[in-house]
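Hints are included, so try docking the two chains, each in its own frame, into the full complex.
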Amino acid sequence: DQQVKQNSPSLSVQEGRISILNCDYTNSMFDYFLWYKKYPAEGPTFLISISSIKDKNEDGRFTVFLNKSAKHLSLHIVPSQPGDSAVYFCAASVEGSQGNLIFGKGTKLSVKP
Amino acid sequence: DAGVIQSPRHEVTEMGQEVTLRCKPISGHDYLFWYRQTMMRGLELLIYFNNNVPIDDSGMPEDRFSAKMPNASFSTLKIQPSEPRDSAVYFCASSFLAEKQFFGPGTRLTVL
Chain A
1 DQQVKQNSPS LSVQEGRISI LNCDYTNSMF DYFLWYKKYP AEGPTFLISI
51 SSIKDKNEDG RFTVFLNKSA KHLSLHIVPS QPGDSAVYFC AASVEGSQGN
101 LIFGKGTKLS VKP
Chain B
1 DAGVIQSPRH EVTEMGQEVT LRCKPISGHD YLFWYRQTMM RGLELLIYFN
51 NNVPIDDSGM PEDRFSAKMP NASFSTLKIQ PSEPRDSAVY FCASSFLAEK
101 QFFGPGTRLT VL
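One line per chain: the protein sequences are A and B, in this order.
Each step along the first sequence adds one to the number in the numbering used here, with nothing skipped, and position 42 is 42.
Each step along the second sequence adds one to the number in the numbering used here, with nothing skipped, and position 60 is 60.
Bound-form chain B, shown alone (with noise of 0.2 Å):
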């Protein structure tokens, strides 16, 4: 299985731009979360599916963040517009039972 894979990698971007980040869950899992690291506030779930469906955006900073999962092997991050402190790696992760968390291996966003 290829695991958990995130793109882009890296992304670099100017403040005001829109940032689209993307997430393929393993195969068979039925629950996305995704994840913000920061050096202040470590790891923060923003949000998370199940079975494609929204269950918790309570993480989800502001307005300008907005993710969708339209398919079972597909979901998107998206920061719209972005700001220099959005900067921070975000990761995606995807579990069949809801604990045990398979995480992707994240993309870096910088926003100058």
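The shape of chain A in the complex, shown without the other chains (with noise of 0.2 Å):
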């Protein structure tokens, strides 16, 4: 039973236009939300979080939105790099877990000169 979802394993973009990466949770206790990236052959690397009583964090060309009511979130890249070829891991956690975060499965996005 997975409780953050990322429906889509792949996305393909072309450079300059806006890549949108989704996220579904089912789990209605979590309260922080995080994306990570992973290049190949390396370990996933921290983008941005969000906590719920926000819903949108900005940093630089990366934007995370929440929807709390459709238990929903969205990682938008504008405008998308080739550099930014990579899966994105949607990530969640209750406060007070100490840390214990559920990972999505991951999208691979492609972002095409």
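Since the hints were derived computationally from the structure, they do not count as laboratory data.
With a straight-line cut-off of 27 Å between C-alpha atoms, the simulated DSSO-like cross-links for lysine-lysine are:
#1 A:K56 / A:K5
#2 A:K5 / A:K71
#3 B:K24 / A:K105
#4 A:K5 / B:K100
#5 A:K56 / B:K100
#6 A:K105 / B:K100
#7 B:K100 / B:K68
#8 A:K68 / A:K56
#9 B:K78 / B:K24
#10 A:K5 / A:K68
#11 A:K54 / A:K5
#12 B:K68 / B:K78
#13 A:K54 / B:K100
#14 B:K100 / B:K24
#15 A:K5 / A:K112
#16 A:K71 / A:K54
#17 A:K68 / A:K54
#18 B:K100 / A:K108
#19 A:K105 / A:K71
#20 B:K100 / A:K71
#21 A:K105 / A:K68
#22 A:K108 / A:K68
#23 A:K105 / A:K5
#24 A:K105 / B:K78
#25 B:K24 / B:K68
#26 A:K54 / A:K105
#27 B:K100 / A:K68
Anything over 12 Å on all C-beta distances counts as not near chain A; from chain B, calculated:
#28 F65
#29 A67
#30 K68
#31 L112
C-beta atoms are modelled at their ideal positions from N, C-alpha and C, and glycine is treated no differently.
Following this line, the structure appears as structure tokens:
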């Protein structure tokens, strides 16, 4: 039973356009959400996070949106660059769980020049 | 900072052999996590430590798996005996704030 779901295993976008990666969750107790990026043969690296008290968090080209009523979050990358090509993982946790992150299975983003 | 260091990067072993994976967390971090990544199950938390003490090992699949953290700068994940279904990439991560974890490069384990 997946508590964090990334239903699109892959996404292809043209350089300069917007990339939108989606994530759904089922556990209403989740109150902290993160996105990680992973290149081949490397470990995941933290990208951006959002607390459940917010509905948007922005960091440069990356923006995460949270819709609590729909139990949905999304990561927007604008503009997309070829170096953004990687696997993106959505993760969620419950406050007080001391870092017990539940990860989605990832979406592979390909940004074509 | 060197980041989280894992060794070996690749391990090929035969079924029944003991496998030991090693991790050096980032200095000053008080949480350490062990994950396993497979195609079928994605990235799963196996166990995590806080200040060298195991907090939650509910993700450890079987008694064949064990993890230790003898001090703040070193942890091991041991599989004894290993089986082909243990083949996966094993990641170690550390953090100061529990959620923002920094991952090592992983150990790719192949059990023949």
